[in-house]
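> Keeping the supplied structure of chain A fixed, place chain B upon it in accordance with the hints.
For the protein sequence lines, the chains are A and B, in the order given.
Sequential numbering of the first sequence, starting at 1, is according to this note's numbering.
Sequential numbering of the second sequence, starting at 1, is according to this note's numbering.
If you're looking for bench data, these hints aren't it; they were derived computationally from the structure.
Cut-off 27 Å, straight-line C-alpha distance, at most; resulting in silico cross-link-like pairs (DSSO-like, lysine-lysine): (1) K224(B) to K268(B); (2) K239(A) to K67(B); (3) K67(A) to K308(B); (4) K200(B) to K224(B); (5) K268(B) to K320(B); (6) K67(A) to K67(B); (7) K239(B) to K67(A); (8) K308(A) to K67(B); (9) K224(B) to K320(B).
Okay, the calculated bits of chain A under chain B, using three or more residues with CB under 8 Å as the criterion: (10) 60-73; (11) 79-91; (12) 96-109; (13) 132-141; (14) 309-322.
Please read these numbers as outputs of a predicted model, since none were measured by experiment.
Ideal placement from N, C-alpha and C gives every residue a C-beta, glycine not left out.
There are 2 protein chains.
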Amino acid sequence: MISNLIYSNDVDATLNAIVGGGNYNLVVVLVDENTRQLVLPRLPILNNTQIIEIQSGDENKNLTTLKSVWQQLENLGATRQSLLVNLGGGVVTDLGGMAAATFKRGIHFVNVPTTLLAAVDAAVGGKTGINFMGLKNEIGVFACAEDVIVSTCFFDTLPPEELKSGFAEMLKHGMLSTHEEFLQLLETDFDNIDFENLLKILQSSIQVKQRIVEEDPTEKGLRKTLNLGHTVGHAFEMKALDDSKPVSHGYAVAWGLVIETVLSHMIKGFPSADLYSLANFVRTNYGSFKITCDDYDYLIGIMRHDKKSYNGEINCTLLKACGEPLIDNTISDDDIKAALDIYRDLMGI
Amino acid sequence: MISNLIYSNDVDATLNAIVGGGNYNLVVVLVDENTRQLVLPRLPILNNTQIIEIQSGDENKNLTTLKSVWQQLENLGATRQSLLVNLGGGVVTDLGGMAAATFKRGIHFVNVPTTLLAAVDAAVGGKTGINFMGLKNEIGVFACAEDVIVSTCFFDTLPPEELKSGFAEMLKHGMLSTHEEFLQLLETDFDNIDFENLLKILQSSIQVKQRIVEEDPTEKGLRKTLNLGHTVGHAFEMKALDDSKPVSHGYAVAWGLVIETVLSHMIKGFPSADLYSLANFVRTNYGSFKITCDDYDYLIGIMRHDKKSYNGEINCTLLKACGEPLIDNTISDDDIKAALDIYRDLMGI
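In isolation and in its complexed conformation, chain A is listed as follows (with noise of 0.2 Å):
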């Protein structure tokens, strides 16, 4: 269940002697139309190679595009000697992943994330999957790409957003590593990024998801820690969705690792002068998603439809400070709803 990591900026090179070396009978690329136009031009390797075009945006992550990739696949008469490679974002990783590993019970596939968030967190881990009913990614399997690039180059194709996006990703893993990389993070001037630097961040970065994925492949246990910021963030992104003003996956991890760090701080203790600096990071970058009161109720029931409850109990990971998460803790809704109160003092709203 471990991917091959290869960290370069030459990918067409890397993608290169990867295709010739793997004996394929087909390679077909997944993009959407946004690394159809801006990163497939820049990989001439791939010049030609079948493509499959999806639209891109998480509502599109959904069964009609997976059959509609099944079909074309097909259609190209790919076999189990046939290399899928998925060049997008985590749409085109996830549902790539899911089609590669379903299609004639799962051929290989390569995961060349063109966003940060895609690098660091869907193109890593052997979670594919697409939306179903409503829920995030309810339909998937657990399977690992043969290889992952992972690389910075393609970053300037996108806009500034997408950065801090992928950037929430490594706060959490910054906070479930140590307190020092965590108050390193909390440096960063989104004004001024140093792409280069970045990817040696972005290394580190994943290799501390990798060492939790390698002990705990099916989430068992320890790697429901990386599920951090996520049982809010998702339900914020839910939510969001609803009111047809969606917002990106990284910022709502961003601000649900707020509210996730004010329960720790309610129930475990997590150092309040940690959380008043990450909530501060949070506001200046990313702003603050709107809620009032009105809205906890339908809130709390997303978290209960989660994938990590059980029992209809919302369930999160908690922090004891950086560093020292603790996994399956139920929250009552009256702490849920005095961590909502607080988050929304933090963020002044």
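Leaving out everything else, chain B in the frame of chain A:
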């Protein structure tokens, strides 16, 4: 990738132990209209569980049915701590296995095969899936049931043809195992089946498969031997479906075994005496699948699209003799046509 296999005709008590010992928050039983009516009432332990019913028949092993199972699991409030019990033949165990393996990226499932075919084939070995675009099991995953309860006590609910259908897979296992087992199976008299004894024979037959699957769970090599009879068999099944005269999987495998044994004789020197014994047994008990030379090109086309094919070439497992399988043989169109000619002779078509 190994299921816990339990051989017992006291299915109710066995299920009771599994459900009681598993700490599941919800147990859902997947049935078809036949097992709901004929088998479910014999299992009082399942009296108070939730039921999902799908329509029997291979034509319903499709994405529409899979989607409806996902939806019903969702509506019943199934979580990662829920259990799906697949109570039925191969359609129920294949589709139910895939539903469970993909719902929330995988929940526990138990297979209770109610046909000989499902017991000997579909319920063991971790292959799940659905048909797609006219191709059998085209979409699926490798995923093992936690437990498989193998019994013969429900076979009295089946038409006699069902028993013969499952027996074809046992015949295949016999040919892969030893000459002695092969000859023993040919002595079977379908008019006088001892169901008590059948559970023992079934156990040794399943153990042949189990040994192979344990050595090669993801079909890199040895497991391909289990495809014996299936390259041609699947083509017959598809043709029958296209002609709106579906044949059961096992019958197609029986005919496929004859043709692939003809190929084994032609190419690898499989003993002619055993070929004639096999052909005689199949003709007597299964009749013959009527084809003319006008069908050859169509059948070859399907074989080229088989999951096992590489570069559009027809790939078969062949036998040097009983117990001596050889995988990854590329078969020429001329050899296939010659084998189909000989099959028609042997079957008196």
